[in-house]
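Protein chains in written order, with our numbering: chain A, 1 to 260; chain B, 1 to 111.
These are calculated hints, taken from the structure and not from any lab test. Careful, some of the hints might be misleading.
Said to hold, decoys possible - When the alpha-carbon atoms are kept at most 30 Å apart in a straight line, the in silico DSS-like pairs for lysine-lysine are as follows: (1) B:K99 x A:K140; (2) A:K118 x B:K99; (3) B:K3 x A:K126; (4) B:K73 x A:K239; (5) A:K72 x B:K73; (6) B:K99 x A:K65; (7) A:K126 x A:K165; (8) A:K258 x A:K181; (9) B:K2 x A:K128; (10) A:K181 x B:K99; (11) A:K212 x A:K239; (12) A:K129 x B:K99; (13) A:K109 x A:K218; (14) A:K239 x A:K72; (15) B:K2 x B:K48; (16) B:K99 x A:K143; (17) A:K91 x B:K99; (18) B:K99 x A:K109; (19) A:K48 x B:K73; (20) B:K73 x A:K250; (21) A:K73 x A:K250; (22) B:K99 x A:K48.
Quantities reported herein were computed from a predicted structural model and do not represent experimental measurements.
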Amino acid sequence: MKYLLLSFTILINFSILSQNNSIAAGERLIFNASYNISGILTDIAQVKMETSEVRTSKNVLLRLKCTATTFKKWDNFFKIRDLYESYVSPKTLTPYLYKRDISEGGYYKFMQYKYNHKQNIIQSLKKKKRKDGSIWDENKSIKIGPSSKDLIATLYHIRNLDIHKASPGDQQDFKIIFDNKEQTISLKYLGKETISTNIGSKSCYKLSVSIKGTDVLKGKNDNLLWLTADQNKIPVYAKFKIPVGNGELKIISASGLKYN
Amino acid sequence: MKKTFIILGFATALISVVLAVTPLSNLAIFPIIIAVICGLILFYISKKEASKIKTIQYIFLLVIIALSLTIYKSIVNTQEIGDIEQLEQREEENLEDSKELLEDIEIDENL
Numbered sequence: 001m002k003y004l005l006l007s008f009t010i011l012i013n014f015s016i017l018s019q020n021n022s023i024a025a026g027e028r029l030i031f032n033a034s035y036n037i038s039g040i041l042t043d044i045a046q047v048k049m050e051t052s053e054v055r056t057s058k059n060v061l062l063r064l065k066c067t068a069t070t071f072k073k074w075d076n077f078f079k080i081r082d083l084y085e086s087y088v089s090p091k092t093l094t095p096y097l098y099k100r101d102i103s104e105g106g107y108y109k110f111m112q113y114k115y116n117h118k119q120n121i122i123q124s125l126k127k128k129k130r131k132d133g134s135i136w137d138e139n140k141s142i143k144i145g146p147s148s149k150d151l152i153a154t155l156y157h158i159r160n161l162d163i164h165k166a167s168p169g170d171q172q173d174f175k176i177i178f179d180n181k182e183q184t185i186s187l188k189y190l191g192k193e194t195i196s197t198n199i200g201s202k203s204c205y206k207l208s209v210s211i212k213g214t215d216v217l218k219g220k221n222d223n224l225l226w227l228t229a230d231q232n233k234i235p236v237y238a239k240f241k242i243p244v245g246n247g248e249l250k251i252i253s254a255s256g257l258k259y260n
Numbered sequence: 001m002k003k004t005f006i007i008l009g010f011a012t013a014l015i016s017v018v019l020a021v022t023p024l025s026n027l028a029i030f031p032i033i034i035a036v037i038c039g040l041i042l043f044y045i046s047k048k049e050a051s052k053i054k055t056i057q058y059i060f061l062l063v064i065i066a067l068s069l070t071i072y073k074s075i076v077n078t079q080e081i082g083d084i085e086q087l088e089q090r091e092e093e094n095l096e097d098s099k100e101l102l103e104d105i106e107i108d109e110n111l
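From just these sequences and the hints, can you work out the full model?
So, in structure tokens, the structure goes:
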């Protein structure tokens, strides 16, 4: 009986935890991405995070779309037009389809994952441009963990965590699939901090992000993310350090939030 | 000594003008500072030696041009994004393709 009760409590907790409480369709967040060039932070691109409802004949899904576009003055040097999207369940944020369509200074790549949660596999499709301009593709079936998600779904999933219940120093690992490989992202809650942003002064949850087993993100506690300490938990500021330098992501505007 | 400052001042003044014209105009501030320092040192030397150094005028002229361009660009330049027509087209194509791919999925709310 004791075990039955325990299992029941865990199941209830799990279902409560997995419910989407922070993200609504119609949300639009705009950021400025700046990169440190010889000690001076220079704005290089605009990053947009948008959500919208997508209807099929049987289901309604939430489309999580992120785009990155370089500012006009940089286009002649290094033109970036990136599109990342994940189609998730609006109730649980479980991903069903992920697409990454990137065009960076002449380099083009397309990645698509179609999830099969029953068998814990993804059908991956990769398209790349050859030097002569023709496109080749590669289909693969990849075994993933039951909780593995793509980058965009993970980002929104982090926003849906009950961070208010965490204590400074608490850490949680997430499995993400990137470039057909499963990687572990470690998220550490550092505490609350009030920061000044373009949308006003905000009390935020300060989180440290690291990727285990790779050196994509450099340093210890150098990759930080600030989420508003309210029900929306929107990312307002991020700092990152990569092998070729460091930069920042600052919020410019936020609209269509679930809670006003 | 005087020659070193003339070469350094003139070279940094030229670099600052070149940088001020490019999107990296923010970086022009470093050579501007070096060129101004060199110009002032040369001015001090010329006063001390009671001689005229014409290069000082050129250095300051280039510095003024670079500084004006940098200030103008930082005030006037708005963060404008370029042509996104192709990106919007890709977004639309991906959405239509995704709808087809998602047609056969079954959403499990217990996941």
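Let me make sure I understand: some of the numbered hints might not hold for this structure. Which ones are they, in numerical order? 3, 7, 8, 9
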